[in-house]
Each structure stands twice: as C-alpha cells, then as structure tokens.
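Student: Can you make the complete structure from the sequences, with help from the hints?
Quick note: the sequence shown, position 122, residue 263 per our numbering, numbers continuous.
Worth flagging that the hints you see were computed from the coordinates, not collected in a lab.
From a predicted model like this one, the values you see are computed outputs, not experimental measurements.
Backbone N, C-alpha and C define an ideal beta-carbon position, used for all residues, glycine too.
Worth double-checking, as some hints may not be accurate.
Stated by the list, open to error - Label pairs and their calculated CB-CB ranges:
1) Tyr302 <-> Asp253: 31 to 41 Å
2) Lys215 <-> Asp236: 14 to 24 Å
3) Lys256 <-> Val234: 39 to 49 Å
4) Val235 <-> Asp195: 18 to 28 Å
5) Asn221 <-> Asp188: 33 to 43 Å
6) Lys293 <-> Lys214: 36 to 46 Å
Unchecked claim - In silico lysine-lysine, DSS-like type, Cα no more than 30 Å apart, as pairs:
7) Lys214 <-> Lys293
8) Lys256 <-> Lys217
9) Lys189 <-> Lys217
10) Lys275 <-> Lys189
11) Lys222 <-> Lys189
12) Lys292 <-> Lys215
13) Lys255 <-> Lys274
14) Lys255 <-> Lys217
15) Lys215 <-> Lys256
16) Lys189 <-> Lys215
17) Lys189 <-> Lys292
18) Lys293 <-> Lys256
19) Lys222 <-> Lys275
20) Lys274 <-> Lys256
21) Lys214 <-> Lys256
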Amino acid sequence: MRHKIKLFSATLAVLALTSMAAQPADDGVRKPNGYRNWFHVNTMVVDKGSPLFDGLGGMHNVHVNPTGEAALKKGKPYPNKTMFVTDLHDFSVVDGSYVMGNLKGVAVMVKDAKKYASTGGWGFQFFAGGDPKKPVVTDAAKQCFACHEPKKSQDYVYSTYIP
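Tutor: Following this line, the structure appears as structure tokens:
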C-alpha cells in the first residue's frame, strides 16, 4: 500500500514541480463540479517524513465518479467517462490529529480510450489552487502517464477498492 501511495504521490509531485513552467495545453480535461459527492476512494497524508513532502506535502482525498465506481469495486477495466479526482490540501497536526487545511490543487484523470490512446486511454490535468482556469499539465505523457505505466494491469490506476 505504501508503494502505491508513493507512486501516486510521485505523479502529483511531478505536476506540482512543473506548475510554474510553460502555458498548459488544452487537452479537454476539465475539473468537474460536485466531485466531493462521488465515492470517496481513500485519503492519504504526505507528511514531512516523505521525500515528496516539499513538492507534494498535504492531505490527498481521492474520489471516483459513478461511471467508474463499479469497475473500481470489481477490479475491472474502467469504462470511458470514468473520472478520478484528487483534491490536495495543506494540513496541520492538532493534538495528534491530522486536520485538513486550504486547498492546494485538484488532480483529474478522465478515461477516453480513443482521445487519450497515447496515455493508456487516460487524460490528466492538475489545477493549481483548484482553479479551473489554472491548469498545470503541459505534457501528460511525461508529467503523469510515465508514473502510471507500471499500473497497466490495473488500467493505469493506483487507487484500489478497500472494502
């Protein structure tokens, strides 16, 4: 499980580290409304003990839309229009408890086997501060998919269903 978290976090770290670079390409991946009402897959915290903390420290909340929820639970390939959304927040530790803070950004993965064939059927984007007008990803193959390739057997998705 820690390996999965590290690799997923590495993907987001690449996004975060490249966020100050060139103008983002418009690849059609949009930040959806209402994703926090979707199925909550998991939450993880990247804290100071992680080598990824500088670029990606925070609380990560992963959600999947209704289109992908059944596939997640059955461990099957995801149908087109599946979306995973991860919101990344600052956090603090208060009396030994991790407390979610301000939103740092939102990562989106959307399945469209034809449109995103070169990246395993998935489109990727990261929105700085969660602002849909601040996309960060300029080269999904390098910034996102390179880290997802090892998960080909899971349709390139790190998140797994934990009943």
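Student: Next step is simple, just say for each hint if it's right about the structure.
Tutor: For each hint, the structure was consulted:
1. At about 22 Å, the beta-carbon gap between Tyr302 and Asp253 misses the expected band of 31 to 41 Å.
2. Between Lys215 and Asp236 the CB atoms are about 40 Å apart, so this pair departs from the stated range of 14 to 24 Å.
3. Between Lys256 and Val234 the Cβ separation comes to about 42 Å, which falls inside the hinted range of 39 to 49 Å.
4. A hinted range of 18 to 28 Å for the beta carbons of Val235 and Asp195 is consistent with their spacing of about 22 Å.
5. A hinted range of 33 to 43 Å for the beta carbons of Asn221 and Asp188 is consistent with their spacing of about 36 Å.
6. Separation of Lys293 from Lys214 is about 20 Å and departs from the stated range, judged on CB atoms against 36 to 46 Å.
7. Our distance criterion of 30 Å between C-alpha atoms is met by Lys214 and Lys293, whose separation comes to about 17 Å.
8. Pair hint Lys256 plus Lys217 holds up; C-alpha atoms about 20 Å apart against a cutoff of 30 Å.
9. The suggested pairing of Lys189 with Lys217 is violated, with an alpha-carbon distance near 35 Å, which exceeds 30 Å.
10. About 27 Å separates the Cα atoms of Lys275 and Lys189, which keeps this hinted pair within 30 Å; it holds.
11. With a C-alpha separation of about 35 Å, the suggested pair Lys222 and Lys189 falls outside the 30 Å cut-off, and the hint is violated.
12. Restraint check: the Cα-Cα separation between Lys292 and Lys215 comes to about 16 Å, which is no more than 30 Å; the hinted pair holds.
13. Our distance criterion of 30 Å between C-alpha atoms is met by Lys255 and Lys274, whose separation comes to about 25 Å.
14. Between the alpha carbons of Lys255 and Lys217 the distance comes to roughly 19 Å, so the proposed pair stays at or under 30 Å and holds.
15. At roughly 25 Å between alpha-carbon atoms, Lys215 and Lys256 fall within 30 Å of each other, so this suggested pair holds.
16. For the given pair, Lys189 sits about 34 Å from Lys215 by alpha-carbon distance, which is inconsistent with the 30 Å threshold.
17. With a C-alpha separation of about 26 Å, the suggested pairing of Lys189 with Lys292 holds against the 30 Å cut-off.
18. Of the pairs offered as hints, the one joining Lys293 and Lys256 holds, with about 18 Å between alpha carbons and a cut-off of 30 Å not exceeded.
19. In summary, the hint linking Lys222 to Lys275 is supported, as the alpha carbons are separated by about 22 Å, within the 30 Å threshold.
20. For the suggested pair Lys274 and Lys256, the alpha carbons sit about 22 Å apart, so the restraint of at most 30 Å is met.
21. About 25 Å separates the Cα atoms of Lys214 and Lys256, which keeps this hinted pair within 30 Å; it holds.
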